[in-house]
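Let's have the full structure, built from the sequences with the hints guiding it.
Line order of the protein sequences matches chains Y and D.
So that you can map any letter, position 25 of the first sequence is 24 in numbering that gives the first Met the number 0, and since no number is skipped, the others follow by simple counting.
So that you can map any letter, position 273 of the second sequence is 272 in numbering that gives the first Met the number 0, and since no number is skipped, the others follow by simple counting.
Hints are supplied without guarantee of correctness; some may be wrong.
One side only, chain D facing chain Y, incomplete, derived with CB under 10 Å [unchecked claim]:
| no. | residue |
| --- | --- |
| 1 | N67 |
| 2 | M186 |
| 3 | F244 |
| 4 | M411 |
| 5 | Y419 |
Just so you know, these hints were derived from the structure itself, not from any lab.
We put the CB at the ideal spot given by N, CA and C, even for glycine.
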Amino acid sequence: MKRRSVLKNLGLLTGGLMLMPSCSFLEKRTPIALNNLQIKIEEEELMEQLIAVILPEDNLKGGVSLGVQNFVWVMLDDCAEKKKQDTFLNGLRLFNTTVKQSYGDDFEGLSSEEKYTALTNMLNNESLNTDLIAFLHTTKHTAIWGYKNSEYYLSEVMPYNLIPGAFSYKTKTIDPNEKININA
Amino acid sequence: MPNFNIDSTKKNSFDAIVIGSGMSGGWAAKEFTEKGLKTLVLERGREVSHVENYPTTNLMPWELKHANVVPEKIKKENPIAARCYNFKEDSQHFFTKDKEQPYIQEKRFDWIRGYQTGGKSLLWARQTQRLSDFDFEGPARDGFAVDWPIRYKDLAPWYSYVEKFVGISGEYDGLDVLPDGEFLKSMGLNATEEYFKKVIAEKYKNQRHVIYGRCAHITETKDIFIQQGRGMCQTRDLCRRGCPFGGYFSSNSSTLPWAAKTGNLTMKHDAVVHSIIYDDKKEKATGVRVIDGNTKETTEYFAPVIFVNASAFNTNMILLNSKSNRFPNGLGNDNGLLGKYIAFHNYRMNISAEFDGNLDKTTVGRRPTSGYIPRFRNVYKQETDFLRGYAAGFYANRIVEQETDAIGPDLMENLNTAEYGNWRVGSHMMGETIPKEESTLSLDTEKVDQYGIPQLRINLDYDENDEKMNLDYVEQLTEMFEVAGFKNIKANDSKKAPGLDIHEMGGVRMGHDPKTSLLNKWNQLHACKNVYVTDGACMTSTATQNPSLTYMALTARACDHAVKESKK
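Spelled out as structure tokens, the structure:
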């Protein structure tokens, strides 16, 4: 096993060396494979930063560790109409300029608290550019959707049962002390 | 060479040919093979074996790449199929793609097709309500279409026969408007549906009923289901993926494997029927002309009896395209009525509301059926300014809400909790439409499909009777919801085109008289008695009930007749 992983790393190393002579290549992320959208690595990184603020690690696992950012991209890439994709990307590309105007730095440069405040304010600001508003709200609701559709959420937070069994549908009297499972 | 021809004729000869392997074709296959007839079933689509070819059936929600949303590219390529409520990421492979079979819409008609083993029986809503004499006597009483040549008593034993094999979960409601059948245990209405049932029975003095919708799901273990290899419904409510338990009825899980077991079944896939061969000298149909879906080669198959179960509109197409010296306008079409008097079910309106009672209760689990309101309009006598009436679905479920206004830690907290809201209640209409002479199917004189078969022209629309019925449905259901104390009542016109009900019917209607109908009371073409039509095309009127159960019962009855005739 060890030998195999060493070989794998070697392969990665040499491959990386051949492709990118820069010494920062180890930090480079593999770009997400999309069918339609042309996005930059920085835009992927920005999405991840947004997901980290919307769905942070808490008592529950956070959105980033569940790969919710990839869900947002895939849904937008495959399931949104061209017009919605254009609006989304346009909004995304206005995001950092707008953040800089109000907060003096790119989103990435802000502290955790500042990020949270900036994003909350922007989500509630109806006077922003309409594409930017659409981008923010699409990101938020798709992220929540992806989170609730994740294996973790459907197994540990609100468990989904693929095979409930015969006669499992019934009316029950609510026990106020029992946690409500939205997938029960 | 003549020897070769005789050999090929022999090789391609059977005791019976069934065109189509869906809901009714599967039944014809079962009945004939059980009675010892070497039977050829021709399916124009690909092979879908039970369980084996249900690729999504055991996927967890997160294993569907797009959370069960159909990608835009597939939707764009299939605007018609994509309008079907059941066309999802986990089921879209069971829908015929638009480009497979173009057709001409004189008025918009969303034709939903399922070309594969089992046809649309994989995708149906599994509601199985019997017709009653209020339906069979409808056209004669109200003066539209023609009189049905059969009555409830003719079909009742065949309903029972079919139901025992299919497995129908239901309750014995004792209603004349919706006769009881052979029922397995009910999965039950929930507390709020029961409440509505009680209120409506009291207020309308038992003239309107809310019942548990009878459905083709196995809810009791019985020998006949074990023999089919089918088990109890596990209430997954994922039927559209194909059921690995065979919990709901499909040709794939039930009739076709049953037929195969007899050793008398020959099943051909990718077999697109071009036409039925009529022999002017023998004065009967002798076989079927089939185009191979892949090679486009034509082969002829022969049998003394032919069942056309290609789905309502395809059955019309095949008969219209079966031209001979004797029948220049299509097989059996002496009166020029073939392809006319088609109709459908009007599913346009729906209504929703909230109920703030039963707040100490909720439901758990998923249920593959819902409540059902049998027709109550114009049942015993004509009482409105429109003909006939509508049945309706009825369902209630507790609203469970999660607050998602915040982001960050507050959102995470909210996603870990939920709150109960009111109950949400809803209903949709299933209106009877009137078959009219101007509602037609015909073959285009120029455009053909990839097999060289003329394209179908569909000319069908809502009419004034439907519009009046829409208004009445909204009025009556609003009143019924108000009586029950439901709040925030909202009616909605979905504006959906005909076709999305997937209950298209007629064109080859049954009747007493060869001058005014195509089929007799045994579903034989009046003018070509060894050809039977027992799918939706045979329907004289539509009634309000989900029609599949009736097609199955008519098929079993017609098969019995055909076998008895052959022994004479």
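Hint by hint, here is what the structure shows:
Hint status for N67/D: holds, given a least beta-carbon distance of 9 Å to chain Y, under 10 Å. Proximity of M186/D to chain Y holds as hinted, the smallest CB-CB distance being about 6 Å (cut-off 10 Å). At its closest, the beta carbon of F244/D sits 9 Å from a beta carbon of chain Y; the interface hint therefore holds under the 10 Å criterion. Here the hint on M411/D is kept, as its CB sits about 4 Å from the closest CB of chain Y, short of 10 Å.
With a least beta-carbon distance of about 7 Å to chain Y, the hint placing Y419/D at the interface is held under the 10 Å criterion.
Violation of the numbered hints given earlier is absent; every hint is satisfied by the structure.
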